[in-house]
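> Read off the chains here:
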Amino acid sequence: DVKVTQSSRYLVKRTGEKVFLECVQDMDHENMFWYRQDPGLGLRLIYFSYDVKMKEKGDIPEGYSVSREKKERFSLILESASTNQTSMYLCASSSGGGDYEQYFGPGTRLTVT
Amino acid sequence: GEDVEQSLFLSVREGDSSVINCTYTDSSSTYLYWYKQEPGAGLQLLTYIFSNMDMKQDQRLTVLLNKKDKHLSLRIADTQTGDSAIYFCAESLGGYQKVTFGTGTKLQVIP
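Order-wise, the sequence lines are chains H and U. If you count the first sequence from 1, position 21 lands on 21 in this note's numbering, and the numbers rise without skipping. Here this note's numbering runs 1000 ahead of the position in the second sequence, where the first position is 1.
Simulated from the structure, these hints should not be mistaken for lab results. Any given hint might turn out to be false.
[What the hints assert, rightly or not] Heads up, simulated SDA-like pairs for lysine to any residue below, C-alpha to C-alpha not over 25 Å straight-line:
hint : chain 1 : residue 1 : chain 2 : residue 2
1    : U       : 1098      : H       : 109
2    : U       : 1036      : U       : 1014
3    : U       : 1036      : H       : 30
4    : U       : 1098      : H       : 41
5    : H       : 57        : U       : 1094
6    : H       : 57        : U       : 1098
7    : U       : 1098      : H       : 67
These figures come from a predicted structure and were not determined experimentally.
Chain U with its partners taken away, still in its complex shape (with noise of 0.2 Å):
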C-alpha cells in the first residue's frame, strides 16, 4: 500500500520561507496534492502537480518534485501567521482511484 509521510511540526517567523516536505512510497502516482487546514476547518486544495512536472510555482507557493525520491516539497515565500495550519501532502493514481494523504505538517508562524 501506499504511504505518505510528513514530519509534525514546523515552526518558522513571520517574513521567512517556510519549506514544508513530505515523501512517498508509490512511484506510480500521477497527481500529488497539497491541502491546507485551517484550525476548526476542513482541508482545502492549495495545488497539485502532475508527476511529469518538476516544479510548479503559484504565487507565494512552490512545489518541487523529485520523481528518483519520491520527494514533494511546499515552500511558502514571505510565510504570514495567516499561514499557519496544518499542511497535508496526499498521492494519487488518477482516473477513480482513491487519493491517499499524508500525516499532516502543522506550520506554526511566530510573529
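Just chain H, same shape as in the assembly (with noise of 0.2 Å):
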C-alpha cells in the first residue's frame, strides 16, 4: 500500500519566516509532486521532481524552491513566507510519467500570519 506522508497537518508562521515542507514517500517512485490549492483554483503545480536531485519548475514557482537528495524524500521551501502563501500544500509522488496514477499525501494547511 503506497504511503505518502507529510510533516505536518497544520503549521501556522510568520511574515519572512522561512518555512520548510516535508514530504516522503514509500515505495520507490521516481517522480515527486508540490501542489497548491486554493478553493476555486483547484490544484497548481508548484515544482516536481523525475530524479534525485533533479527539480522541473511548475506552473507557480516564484517564492518557492525544493529540495530532493533522496529518492523518497521531497522537501519545498519558502525562503521568506507571505501571507499570499497561505494554502493548503498537498505532495504527490508516481513511478512513472505522466500517465501513471499519482498517489497524494494529506495535505499540509499553512496559515502565513
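Grab the two chains, each in its own frame, and use the hints to assemble them into the complex.
This is the structure we're talking about:
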C-alpha cells in the first residue's frame, strides 16, 4: 500500500519566516510533486522532480524552492513566507511518466500571519 | 497552456445519479483522469480514460469523453452520502509530461 506522508497537517508561520514542508514516500517512486490547492483554483503545480537532485519548475514556482537529496524525500521551501502563500499544500508521487497514477499525501494547511 | 474547467458545486439527492462535467483545452491530451478528494484527505485516483476511447464503465462510475468538444464527464449512479467529496478531472499528454488538474467540483449528497 503506497503511503505518502507530510510532516505537518497544520502549520502557522509569520511573514518573512523560512518554512520547510517535508514529504516522504515509501514506494520507491521516481517522481514527486508539490501542489498548492486553493478554493476555485484547484491544484496548481509548484515544482516536480523526476529523479534525485533533479527539479523542474511547475506553473507557479515563484517564492518557492525544492530539494530532493534522497529518492524518498521531497522538500518544499518557502524562503520568506508571505500571506499570499497561505494555502493547502499537497505532495504526490508516481512511479512513471504522466500517465501513471499519482499518490497524494494528506496535505499541509499553512497559514502565514 | 492547458486549462481544465469544472463547475464548482453540485448537489444531488441520495439515490439519484450525479453527473460532473469538465472541459479541457489541450486536444493533444492522451490521458484523462478523475480524482476524488474526501474531507481532510489528499486526492485519490477514481478512474481514467485514454483519449482513443469514448466511454469507460467501472461499477457505479461511467466516464464519457467527447474529443470533438473537449468534454469529459463522470456519472455516478445511485449516489451515496459517502460519495460527498471534491472531484477533480485532470489531463496529461502522457510520457513524462505533467498532469494538469481542474478546479474541482464539490459534490454534496443530500440524505
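> Against this structure, judge whether each hint is valid.
Here's how the hints hold up against the structure:
no. : hint            : verdict
1   : U:1098 x H:109  : 24 Å, holds
2   : U:1036 x U:1014 : 18 Å, holds
3   : U:1036 x H:30   : 23 Å, holds
4   : U:1098 x H:41   : 17 Å, holds
5   : H:57 x U:1094   : 18 Å, holds
6   : H:57 x U:1098   : 11 Å, holds
7   : U:1098 x H:67   : 19 Å, holds
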